[in-house]
Amino acid sequence: MKRTLILLLLGLAVGTGSYRLQLHFRATPESASLDHHLAWMKAELNVSDEQLARLRELHEASEPQMRLLASKVIQLQGELAAFEQTRRAAGEVDFMELGRFVEIRRNVYQECLVSTRQLVVASAALMTPAQRRHYLALVAPSMAAEVSPPM
Amino acid sequence: MSAEEKDPLDALLDRRGPAPPPDDIDRVVWRRIALLQRKEARPGLWPTLDAWFSRWSVATLFLVSCALIGLFMAELRVSQQERERNAQLTRSYLVLINPLLQAPGARPTP
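In the order they appear, the protein sequences are chains D and F. Letter 33 of the first sequence, counting from 1, is numbered 33 in the working numbering, and no numbers are missing. Letter 73 of the second sequence, counting from 1, is numbered 73 in the working numbering, and no numbers are missing.
Calculated directly from the structure, the hints in this document are not laboratory data. It cannot be assumed that every hint is accurate.
[Said to hold, decoys possible] Just a sample of chain F residues kept apart from chain D, beta carbon distances all over 12 Å, derived:
1. 11
2. 13
3. 14
4. 22
5. 25
[What the hints assert, rightly or not] Simulated crosslink set (EDC-like; lysine to aspartate or glutamate; CA at most 20 Å straight-line):
6. D:72 - D:111
7. D:42 - F:84
8. D:72 - D:97
9. D:72 - D:84
10. D:42 - F:82
11. D:72 - D:103
12. D:42 - D:63
13. D:2 - F:82
14. D:42 - D:57
The C-beta atom is built at its ideal place from N, Cα and C for all residues, glycine as well.
So here's chain F without its partners, still in its complex pose (with noise of 0.2 Å):
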């Protein structure tokens, strides 16, 4: 295409004015200046637990829960400790029964 030639596109290219504005930006522009102020207010995980333990009744709250997981998990490992000593003493009473199983090399299979 040589210069002289006019392209048909240049004509609606000229024409193109700015885009006018959306019907609703003060609600968009509300709407962006309020989640802005709200990520800057939202305090952080420290200050949120400070505030909390300010509280003695939270504090108090956190105290006894922190003790009560600790007596869940012994009872947990409690139990599992018992499982495993009445499965040792019914091996060992197989053994107490039974001469042939207190050689060595020969252990019972409960």
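Bound conformation, chain D alone (with noise of 0.2 Å):
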């Protein structure tokens, strides 16, 4: 009787010892940085060694533009945030101001347009037709985005 106890709790043990090893092996660490979504890339379109190599180059490229747009969209945001604040506190909006934010925002969000199809397009110009195909199916919701901005 002790031994068949004691046989079940070392099958218990071994079972979830082995769960909690192979999770442990097969753990991939978290992160958002280039080169995770470059080897996720790679993995998701099948891209070659050369085809990375040029990826990572348009990509690195882009980069600073694609994050001082990112700010000036957080900054239009906080703006906006602001003018629909002084119309609830004084219950009036400055037209002129608000023409003006209105201005600046359509060109930064078309400057944003441009360089993200600039990008998506010399990305997939890179590709196959297949991974082109695969390609653009990923991207849309971010093209999607682009057509219809906040506000």
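Quick one: dock chain against chain with the hints and give me the complex.
Dropping the structure here:
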């Protein structure tokens, strides 16, 4: 009886141990760096090393501009929130200021649209037709977000 | 009905004797005895496990099976995690290439 109990507990320990060990060795580090995105593209799109090197160049080249545009978009969102707060508090809107804001925002959004499209088109140009189809299907939500910006 | 009047059924009931035993009574009795003996002889779950685990081959097989089940469950979990990670990487790639999505409140839905 004691032997059976020990064996059952040992079986439970062995099963749990093998489960945890396997999870430990198969775990992948969580990160959102460009390297991880490129590794993901390599696995997802099955691109060659040469294609990957070109994709890296493209993405690294566009990264500073994307960051700049992103900071502009965030700044514009802050300004919009400030407009809304003023409108609620004072009950009036400075239409000259709002018009200037809308114009700037339109230009920034246009810049974002152009930058993203350039990067997507340049990346897709490096790919085979099958890879391109898959890639464009993956980035389609990003392109849809450009068509209808918030507000 | 008065006490003097006799019910016609009474005569029939008076004539009724004990029921004759069935023809195959021996077989019925022996079958019941065999059934009782089988019930008494059947061991419980624990003694059965004890008996099985007393063989080292069965015990080894049990431990190996536990390890394999653990590995299988881990593989299922890993593949689920990889699917989630791929979806997460897809979302973060879309954010990476589109500055509009980097702003709070704008998230793609692939």
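Now the hints, each set against the structure:
1. Here residue 11 of chain F stays apart from chain D, with its beta-carbon at least about 68 Å from theirs, past the 12 Å limit.
2. Distance check for residue 13 of chain F against chain D: the nearest CB is about 61 Å away, which clears 12 Å, and the non-interface claim stands.
3. No Cβ of chain D approaches the Cβ of residue 14 of chain F within 12 Å, the least distance being about 64 Å, so the stated non-interface status holds.
4. The Cβ of residue 22 of chain F lies farther than 12 Å from every Cβ of chain D, with a closest approach of about 46 Å, so its non-interface assignment holds.
5. A cut-off of 12 Å between C-beta atoms confirms that residue 25 of chain F is not in contact with chain D; the least separation is 43 Å.
6. A C-alpha spacing of about 11 Å is found between residue 72 of chain D and residue 111 of chain D, which places the hinted pair at or below 20 Å, so the restraint holds.
7. For the proposed pair residue 42 of chain D and residue 84 of chain F, the alpha carbon gap of about 17 Å is at most 20 Å, so the pair holds.
8. Proximity of residue 72 of chain D to residue 97 of chain D is assessed by CA-CA distance (about 17 Å); at most 20 Å being required, the pair is judged to hold.
9. A distance of roughly 18 Å separates the Cα atoms of residue 72 of chain D and residue 84 of chain D; the hinted pair therefore holds under the 20 Å criterion.
10. At most 20 Å may separate the alpha-carbon atoms for a hinted pair to count; residue 42 of chain D and residue 82 of chain F meet this at roughly 15 Å.
11. A hinted pair counts as satisfied when its Cα atoms are at most 20 Å apart, and residue 72 of chain D with residue 103 of chain D qualifies at roughly 13 Å.
12. Under the criterion of a C-alpha separation no larger than 20 Å, the hint pairing residue 42 of chain D with residue 63 of chain D is consistent with the structure, at around 19 Å.
13. Taking the CA atoms of residue 2 of chain D and residue 82 of chain F, the gap is near 42 Å; set against the 20 Å cutoff, the hint is violated.
14. For the suggested pair residue 42 of chain D and residue 57 of chain D, the alpha carbons sit about 14 Å apart, so the restraint of at most 20 Å is met.
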